[in-house]
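Chains as they are written, first to last, in our numbering: chain A, 1 to 257; chain B, 1 to 298; chain C, 1 to 340.
Hints should not be assumed to be uniformly reliable.
Claimed, not checked - Here are the computed lysine-lysine pairs in the DSS-like style, where the Cα-Cα straight-line distance is at most 27 Å:
1) Lys-179(C) to Lys-86(C)
2) Lys-195(C) to Lys-136(C)
3) Lys-70(C) to Lys-4(A)
4) Lys-182(A) to Lys-29(C)
5) Lys-179(C) to Lys-13(B)
6) Lys-182(A) to Lys-254(C)
7) Lys-70(C) to Lys-3(A)
8) Lys-164(B) to Lys-244(B)
9) Lys-232(C) to Lys-238(A)
Don't read these hints as lab results, they were simulated from the structure. On a predicted model such as this, the values are computed, not experimentally measured, just so you know.
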Amino acid sequence: MNKKPKIGIFGLTSCAGDQLAILNCEDELITIADAFDILDWEMAKTNNDKVTELDIAFVEGVVAQTRDLEALQAIRKRSKLLVAIGTCAVWGGVAAMKNQIPREILKKEVYGEEINVVDAVEALPVRSFVKTDILLPGCPIEKEQFLQIAASLLHGDLPELLNFSVCSECKMRENPCLVVEKGEVCCGALTVSGCNARCPSHNIPCGGCHGPIEEVHYDANYTMFEQRGITKEEIQNKMANFATPAWMGQKLISEIK
Amino acid sequence: MTPQHTLLDYSSKARVENVMIPHIARLVRVIPMVQDNYLFLFRFEDPHLNETFIYKPGQFVELTVIGTGEAPISISSTPTRKGVLEMCVRRMGRVTNALYNLPENSFVGLRGPYGNGYPVDDMKGHDVLIIAGGLGMAPLRSLLNYILDNRNQFGRLILMYGTKTPDDVLFRDELESLTRRGDLECLLAVEQAYQYPGAHPWRGKIGLVTDLFQYVKNINVPNTIAAICGPPIFYKFVLEKLLKMNFSKDHILMSLERRMECGVGKCGHCAIGYKYTCIDGPIFTYWDVINMPELIEF
Amino acid sequence: MKILKLPKANFNKFLLGLNNYGEVHIPKKKSEETYVFAPMEDPSEVALEYLRTVIPPKKYFFKPKEALFKHSDGKNFIEHIEDVNKKLILFGLHPCDIHGLKILDIVFGTGYIDKYYFARRKNTLIIGLSCMPDEKCFCRSMGTDATEDGFDLFLSELKNSYLVTVGSSQGDDITNDMKDLLTEITRKDTNEYLKIRNERKKRFTLQLDISDLPYILELQRESEVWEDLGKKCLCCGSCSMVCPTCSCFNIYDKLSLDTKQTERVRQWDSCLFKDYAVVAGGHNFRANRADRVRNRYYHKQHGFVTQFGKPSCTGCGRCIQYCPTQIHVVEVFNKVRGED
Numbered sequence: 001m002n003k004k005p006k007i008g009i010f011g012l013t014s015c016a017g018d019q020l021a022i023l024n025c026e027d028e029l030i031t032i033a034d035a036f037d038i039l040d041w042e043m044a045k046t047n048n049d050k051v052t053e054l055d056i057a058f059v060e061g062v063v064a065q066t067r068d069l070e071a072l073q074a075i076r077k078r079s080k081l082l083v084a085i086g087t088c089a090v091w092g093g094v095a096a097m098k099n100q101i102p103r104e105i106l107k108k109e110v111y112g113e114e115i116n117v118v119d120a121v122e123a124l125p126v127r128s129f130v131k132t133d134i135l136l137p138g139c140p141i142e143k144e145q146f147l148q149i150a151a152s153l154l155h156g157d158l159p160e161l162l163n164f165s166v167c168s169e170c171k172m173r174e175n176p177c178l179v180v181e182k183g184e185v186c187c188g189a190l191t192v193s194g195c196n197a198r199c200p201s202h203n204i205p206c207g208g209c210h211g212p213i214e215e216v217h218y219d220a221n222y223t224m225f226e227q228r229g230i231t232k233e234e235i236q237n238k239m240a241n242f243a244t245p246a247w248m249g250q251k252l253i254s255e256i257k
Numbered sequence: 001m002t003p004q005h006t007l008l009d010y011s012s013k014a015r016v017e018n019v020m021i022p023h024i025a026r027l028v029r030v031i032p033m034v035q036d037n038y039l040f041l042f043r044f045e046d047p048h049l050n051e052t053f054i055y056k057p058g059q060f061v062e063l064t065v066i067g068t069g070e071a072p073i074s075i076s077s078t079p080t081r082k083g084v085l086e087m088c089v090r091r092m093g094r095v096t097n098a099l100y101n102l103p104e105n106s107f108v109g110l111r112g113p114y115g116n117g118y119p120v121d122d123m124k125g126h127d128v129l130i131i132a133g134g135l136g137m138a139p140l141r142s143l144l145n146y147i148l149d150n151r152n153q154f155g156r157l158i159l160m161y162g163t164k165t166p167d168d169v170l171f172r173d174e175l176e177s178l179t180r181r182g183d184l185e186c187l188l189a190v191e192q193a194y195q196y197p198g199a200h201p202w203r204g205k206i207g208l209v210t211d212l213f214q215y216v217k218n219i220n221v222p223n224t225i226a227a228i229c230g231p232p233i234f235y236k237f238v239l240e241k242l243l244k245m246n247f248s249k250d251h252i253l254m255s256l257e258r259r260m261e262c263g264v265g266k267c268g269h270c271a272i273g274y275k276y277t278c279i280d281g282p283i284f285t286y287w288d289v290i291n292m293p294e295l296i297e298f
Numbered sequence: 001m002k003i004l005k006l007p008k009a010n011f012n013k014f015l016l017g018l019n020n021y022g023e024v025h026i027p028k029k030k031s032e033e034t035y036v037f038a039p040m041e042d043p044s045e046v047a048l049e050y051l052r053t054v055i056p057p058k059k060y061f062f063k064p065k066e067a068l069f070k071h072s073d074g075k076n077f078i079e080h081i082e083d084v085n086k087k088l089i090l091f092g093l094h095p096c097d098i099h100g101l102k103i104l105d106i107v108f109g110t111g112y113i114d115k116y117y118f119a120r121r122k123n124t125l126i127i128g129l130s131c132m133p134d135e136k137c138f139c140r141s142m143g144t145d146a147t148e149d150g151f152d153l154f155l156s157e158l159k160n161s162y163l164v165t166v167g168s169s170q171g172d173d174i175t176n177d178m179k180d181l182l183t184e185i186t187r188k189d190t191n192e193y194l195k196i197r198n199e200r201k202k203r204f205t206l207q208l209d210i211s212d213l214p215y216i217l218e219l220q221r222e223s224e225v226w227e228d229l230g231k232k233c234l235c236c237g238s239c240s241m242v243c244p245t246c247s248c249f250n251i252y253d254k255l256s257l258d259t260k261q262t263e264r265v266r267q268w269d270s271c272l273f274k275d276y277a278v279v280a281g282g283h284n285f286r287a288n289r290a291d292r293v294r295n296r297y298y299h300k301q302h303g304f305v306t307q308f309g310k311p312s313c314t315g316c317g318r319c320i321q322y323c324p325t326q327i328h329v330v331e332v333f334n335k336v337r338g339e340d
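Produce the complete structure using the sequences and hints provided.
Printed below as a string of structure tokens:
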């Protein structure tokens with residue numbers, strides 16, 4: 001590369017965990033700062049440039065307030081490539097968990113009748129509003145995958161992430177299958193790999209934090225759990241944690257109350 | 001009772017040349033042909049390899065763009081003209097896109113040649129009918145030039161090539177100059193010969209590639225081998241025509257595309273039934289094709 | 001063929017003695033139903049009761065994820081073979097897994113030779129171990145319930161001892177080194193072996209008739225069995241990962257952040273994954289789940305048979321045990337045969 005790509009790293013409504021994951025690349029931060037011209041990153045630096053056109057924008061978080069949408073559209077407008085980082089930006093994440101309940105009702109339940117200062121809209125991922133060039137899910141994102149994407153972009157290529165299930169990585173690590181052996185609600189077969197089966201390797205069922213694989217077999221997954229005596233509600237509650245907009249799009253969790 | 005495998009057997013297999021390691025080559029020239037279909041010329045850095053890299057028309061290589069990845073690319077040059085490997089590459093995926101961005105003189109990796117290639121030895125003494133549609137000319141150009149360079153070993157040679165417009169004709173200058181040669185019948189057709197100011201005038205026919213059959217008389221079908229390559233719709237009509245003319249199914253050679261990732265029959269991606277496109281193909285007879293339900297979708 | 005006897009009292013000494021020849025890997029218990037091959041730290045860890053590990057021994061020769069070569073100076077591709085000089089002793093392979101390796105020997109050794117596989121195969125000693133089948137074992141139907149070769153030593157369990165069959169010159173060296181632990185076999189041992197063998201034969205409950213199967217599959221290509229299976233299969237790839245003969249892989253390049261160093265990586269793949277047959281430009285030759293599932297079954301019992309004269313299935317039962325939706329390979333083929 002003859003010219004350093006100009007980049008910005010942004011957060012919409014989120015926990016900032018994905019930006020933190022980037023900051024946690026301690027050994028590589030200097031290389032990152034050296035290879036990219038970081039113009040705008042409020043979380044990490046002062047004197048941010050808010051106007052110059054960007055080669056790449058990394059966007060974390062979900063559109064959950066009207067001001068998120070304004071910010072997102074402004075980012076899109078000034079960036080050649082937009083990378084959605086983290087499950088919130090890619091799938092909606094936890095902020096979208098109760099999307100099937102109107103915001104008005106939720107506001108009243110949480111803040112009561114009196115307070116009306118919250119500017120909440122239905123939480124939706126970045127790609128519901130603007131063209132998104134690259135999707136890097138994860139809650140938070142995996143450091144290795146982020147670095148791989150950064151390297152590809154520096155090299156001038158669109159990055160390529162494998163669309164395998166968590167089950168495949170889980171099997172490679174020879175973990176006891178939490179569905180087969182323990183009858184637990186493990187989202188491994190629904191969920192895209194990349195974490196190296198982090199949770200099942202610690203005996204914790206996959207919560208689906210990377211979001212669904214490209215072609216999830218919903219019905220077969222339901223049948224699989226139901227055969228093990230797990231109710232539809234339990235399954236839906238579990239699936240709803242990270243990718244509710246996707247499941248609602250499939251009309252799979254409209255029944256939740 | 002003799003064991004099937006002995007330590008000696010394993011040792012010898014552990015000592016072989018590593019087929020997964022590419023050879024370093026240099027991208028010596030890029031020649032734009034048509035939109036997103038350029039001709040790339042490569043030379044091995046090891047001068048010896050330029051002489052010893054023996055391939056057959058219809059074979060392919062695995063091309064590495066360093067830092068990006070690897071993709072199967074068919075060879076468009078002929079082994080009869082040594083020194084430079086020519087590949088007509090369509091800008092399609094990550095690797096080919098990166099190749100288009102490479103400056104001349106960059107290093108790349110090449111391994112191969114892979115695949116069966118056209119059975120040129122068995123084709124000798126026969127008449128050859130080459131039919132190409134669109135980008136299908138890329139692997140067939142190798143066969144065409146191979147036959148031209150060994151002209152006396154083959155019978156009658158007919159080329160029919162059809163594209164949508166004159167701007168889509170691969171190797172246009174080269175093929176147009178062949179129309180003046182007396183030792184082959186070179187017929188080119190475009191569906192629309194629209195002109196714009198400054199465009200090179202179209203001197204070929206207007207119509208579909210199958211319309212070109214009217215210009216060739218007295219094909220000796222039993223002694224002719226047809227080599228065809230093109231998009232699915234092309235196959236549908238060309239095959240219909242050839243079968244009507246009573247071409248035997250194993251006298252029709254097709255070049256197929258699959259995901260040939262390792263090139264050496266191991267990774268599994270290009271398997272169709274028990275055939276591997278990278279080992280048993282990419283050249284198949286039409287008989288092979290119809291006997292493998294997964295093989296092609298028309 | 002040289003056959004000796006190892007009294008059980010000497011077994012731990014035997015295992016410890018193997019340390020002299022390389023890194024000893026043994027079956028270990030990981031959870032209630034989960035066993036894995038892993039390095040031996042103490043002979044007491046050996047799970048002699050195990051029937052199948054999650055991943056078969058293929059992982060030692062064809063690694064789940066490995067670098068093939070490295071590149072850093074613009075000019076040379078540097079071959080990289082992980083564990084190329086590591087001496088490995090794999091203890092406790094059942095006959096089905098030894099047959100699994102024999103099938104992979106064919107896959108990686110026919111036509112172009114996979115140097116990575118054989119570089120590690122060459123440095124590994126295989127010590128087999130007899131077993132008693134459970135309800136998921138159908139090796140007997142696949143002809144893989146016993147093996148005459150493919151091992152350096154093979155241990156057949158009797159009540160108080162093991163028969164030790166010597167299968168290679170290296171195995172012979174080991175028995176010579178450990179001759180103090182071994183004794184001659186007697187007529188009584190042979191009789192005991194035969195008794196156990198007949199008992200084992202009776203224990204097989206699962207059977208798959210593979211006579212004529214490629215032809216039946218040819219006839220049944222459009223059978224509704226495949227559609228039904230497509231509805232049940234999650235395409236999670238578990239069966240491919242645990243299969244002793246599945247050997248598909250993906251190749252990609254891993255670039256360092258400074259973009260100066262590249263590693264070519266291969267990683268296990270599964271023909272059940274959606275992108276498996278996608279070509280540049282996006283066309284997917286097996287876009288339907290049912291097509292992908294059918295392809296997997298056809299490869300095992302049709303394609304491989306046509307190519308190499310035997311199925312690429314060892315009847316080990318792993319795909320039955322680990323399928324989260326309880327797809328049962330034998331039931332599938334019985335349905336295809338019209339025998340359910």
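Outcome of the hint check:
For the hint linking Lys-179(C) to Lys-86(C), the alpha-carbon distance of about 26 Å falls within 27 Å, and the restraint holds. As the CA atoms of Lys-195(C) and Lys-136(C) are separated by approximately 23 Å, the hinted pair is consistent with the 27 Å bound. Only pairs whose Cα atoms come within 27 Å are accepted, and Lys-70(C) paired with Lys-4(A) is accepted, the gap being roughly 25 Å. Our distance criterion of 27 Å between C-alpha atoms is met by Lys-182(A) and Lys-29(C), whose separation comes to about 16 Å.
Restraint check for Lys-179(C) and Lys-13(B): the C-alpha separation of about 32 Å exceeds 27 Å, so the hint is violated. Restraint check for Lys-182(A) and Lys-254(C): the C-alpha separation of about 36 Å exceeds 27 Å, so the hint is violated. Using a Cα cut-off of 27 Å, the hinted pair Lys-70(C) and Lys-3(A) holds, with the two alpha carbons roughly 26 Å apart. Simply put, Lys-164(B) and Lys-244(B) have alpha-carbon atoms about 25 Å apart, close enough for the 27 Å limit, and the pair holds.
Distance restraint check for Lys-232(C) and Lys-238(A): the Cα-Cα separation of roughly 21 Å lies within the 27 Å cut-off, and the hinted pair is therefore satisfied.
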